[in-house]
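Here's the letter readout for the chains.
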Amino acid sequence: MALTRSFDAPGLYFQSRTRWRLVEIVFWLATLLPFALLPDYLILASQIAITALFALSLDLILGYAGIVSLGHAAFFGVGAYAAGLLSKYGWGEPITGLLAASIAAGIVGYATSFVICRFRHLALIMLTLGFGLMLEELANSAGWLTGGFDGLQGIETWKLFGHFEFDLYGYVAYAYSLAVLFILFVFARRLIHSPFGLSLRGIRENYVRMPAIGAPSRAHIRTIYTISAAMAGIAGALLAQTTETLSLDSLGFERSAELLVILVLGGAGRLYGGLVGAMIYMIARDRFSGVEPQYWYFWIGVLLVTVVMILPNGILGGLAKLAARWSRS
Amino acid sequence: MLPPIFGVLFDGFAYGMLLFLLSVGQSVTLGMMNFINLAHCSFAMLGGYMTVALMTHYGWPFFATLPCAFIVAAVVSVGFERLFYRRLYRASDLDQVLLTIGIVFISVAVAAYIFGTEQKPLPLPEYLRSSLTFLGLRFAVYRLIMIAIALAITALLVLTVEYTRFGARVRAAVDNERMARGLGIDVDRTFAITFALGSGLAGLGGALAVEIVGLDPSFALTYLVYVLIVVSVGGLGSISGSFVAAALLGISDVAGKYYVPAIGAFLIYLVMIVLLMWRPRGLFGRR
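Protein chains in written order, with our numbering: chain P, 1 to 329; chain X, 1 to 287.
The set of hints was computed from the structure by calculation and includes no laboratory data. All values reported here derive from a predicted model rather than from experimental measurement. Accuracy of the hints is not assured; some may be wrong.
To be verified - Some chain P residues near chain X, calculated using beta-carbon distances under 10 Å: (1) V68; (2) V115; (3) R120; (4) L122; (5) A257; (6) W299.
For every residue, glycine included, the Cβ atom is placed at its ideal position computed from N, Cα and C.
Construct the complete structure from the given sequences, taking the supplied hints into account.
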């Protein structure tokens, strides 16, 4: 009997991790509240959902696989421009646009993953930064295609499912972004709580030893990097489709750095870290939108220094610590 | 008569020397403590603004402001080292990156608040703006002086590191930090001094850079990329590596912008990625 139980143990472990907890259900139900309570803020809510998806994609590689990326906005930008260009040149159907964007970003991610998986530490950070900057330069110099500094104009998104038109108040935009976020969140959650997700965490802790217990570090990193890139591409496409404008900032270094801030603020290596971070960050930015952008960056800087010095695991990490202390006493 | 390519080479080399001054400190401190300091160019920017402020508001001569830029950047950087960096030497890459990006953002905002976002002109005296004609090519006096300063500093650095007791400690700490500690070398103090020297050199580089590339609050971010390229291509902890990498980068950047302006900085990033893939520890990296 004891034998069968020990065979079942891994299965039981994964089962206990994947069970939906009450807090999570309440969280997702609460995301529906803006429709009823804050109809004026639906545009902001859809921006938050998009940013949350983008942060979730970074969390997969940074929080779980330990790949510090300073160029993740590149994939966001590839997805955004793929969807934007598709729509500009005559195909504005949103769902297929998302698919095309995820394929485009996924291909770029897959191609770069062969380089990414071979390096760690400074060289890795430099390579991600280099790829990001290279793409930014490329988009800038290919002005005939991307519109250069003026941004891409003339994006027109068709009705969702041929029925729901993207309205000014953002009802459809928020419902659409939220649905995509939820679907991909469930996917990421499943992925993280699978044996593959567990071996990613092993790679984060020790890159060299994981192959010794049968987890090919490089192949796993390539897989997760590609998935993360495709997800970031979808987030970019959502932004292009719902706002119908695109500029070069969508793939710049500042955006990559901002995303790091968001994820770390919420808590890297936690599924809800990016979501919570995106919510707090975007709401704060909306509140302080009257502040000049350069001073806004001052507060981001202060926030970063504080988070690193005082809250090393982000807001969710701090809360988890408090909860653990509370339950012990 | 010399063909114009020599002009490009000269300008590129001068630019490379500037990059060398900006990045040599970063290279040595990174090699020693493995601390990823993205705020290095913030100290360079501080040096630049020091020079601009002293010259425009107090009428100091240009050459008198250079030591000031060095000292102020060095002193301020030591303050940051004591206050923040020291606690994160054993932390993860991510924490180091975040802390120092935070400092970069703060420094950019503070610079914009005090000095405004526009480019700062430098009221240089006439003789520094003139140029010499040699074999039909014009060489800017300012660039010649800059190259001379950079070469003198390189010689001084190499001599210090190779022949003094302090240099021996630095080399020991770069080669094997734990072993150096075991032999009774005060690595923390050595590091603090090296860090101050490196940031001071960055401050000096920043002061010299104003005339060549201009100065606005985004300096700390723009040149960070160049510094990181020099460091990672030259190899951690290698002065000669940084020198060669900076010269190569400067020449290829100027040549790229001169001959193929359409692709801009693209070429540099491509060269960096290819070099990193070929030799991840840099051209002269030992470890």
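task = Identify every previously stated hint that the structure contradicts and give their numbers, smallest first.
result = none
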